[in-house]
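First residue of the sequence shown: 12, per this note's numbering; consecutive thereafter.
Take the hints with a grain of salt, since some may be wrong.
To be verified - For lysine-lysine, the following DSS-like pairs were computed, each having C-alpha atoms within a straight-line distance of at most 30 angstroms:
#1 Lys42 <-> Lys174
#2 Lys162 <-> Lys113
#3 Lys162 <-> Lys27
#4 Lys174 <-> Lys36
#5 Lys174 <-> Lys157
#6 Lys54 <-> Lys83
#7 Lys54 <-> Lys76
Since the hints were made in silico from the structure, they are not lab data.
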Amino acid sequence: MTFRILTSSLLDDYAKAVEESPLDKIARIQKIETPIDYFHYYKSVSSVYSSRIEGVDIDYDSYFKYKFLNVKFQPDYTRRVDDLYAAYDFIDDHSLNLENIKNAHAILSSSLLPEAHQGVLRTNPMVVLNRDDMIEYVAADPTLVKDEIDKLFYDIDTLINAKLNPFEIFYYAA
12 MTFRILTSSL LDDYAKAVEE SPLDKIARIQ KIETPIDYFH YYKSVSSVYS SRIEGVDIDY
72 DSYFKYKFLN VKFQPDYTRR VDDLYAAYDF IDDHSLNLEN IKNAHAILSS SLLPEAHQGV
132 LRTNPMVVLN RDDMIEYVAA DPTLVKDEID KLFYDIDTLI NAKLNPFEIF YYAA
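From just these sequences and the hints, can you work out the full model?
Put into structure tokens, the structure is as follows:
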């Protein structure tokens with residue numbers, strides 16, 4: 012396979028190190044009955060901690076109680092995490108393509124960005140500041156975003172259309 016961003020250079024080393032099919036390992040895991048759906052739980056964890064990276068002041072314990080135990084909080088406290096959770100729900104039910112990623116972005120940014128900036132590729136510089144107001148992360152230059160997104164979806168389409176074995180599936184997913 013030919014990629015524009017991804018690489019297969021470590022695939023053989025990965026397969027040798029893992030030794031056994033990841034799907035076989037997963038199949039052997041003892042299923043534990045829980046009152047909460049496994050995927051909903053981890054989707055909520057991801058929503059909280061991804062939101063915290065963006066500066067949302069929420070703790071997982073509170074969100075867990077809100078989401079699964081029906082504890083009430085002020086809507087502003089949970090709104091941005093709820094938006095991200097809704098975007099994850101959307102992606103779960105839709106194909107992985109640029110249009111659906113833009114739709115998911117519109118959902119997750121609905122409480123954050125003006126409507127004109129929801130679901131569109133960024134055209135301005137962007138940084139993430141830490142709690143000390145220092146630059147923690149500088150996003151790709153806006154002039155590169157469209158080309159890099161195109162490369163990414165070329166690679167995604169290549170993978171979607173390929174017959175992958177379990178080692179390849181887990182390697183490229185990582």
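Do the hints match the structure? See the list:
1. Lys42 <-> Lys174: holds, 28 angstroms
2. Lys162 <-> Lys113: holds, 16 angstroms
3. Lys162 <-> Lys27: Answer holds: Lys162 to Lys27 is near 29 angstroms, not above 30 angstroms.
4. Lys174 <-> Lys36: OK: Lys174 and Lys36 at ~20 angstroms, within 30 angstroms.
5. Lys174 <-> Lys157: holds, 28 angstroms
6. Lys54 <-> Lys83: holds, 20 angstroms
7. Lys54 <-> Lys76: holds, 14 angstroms
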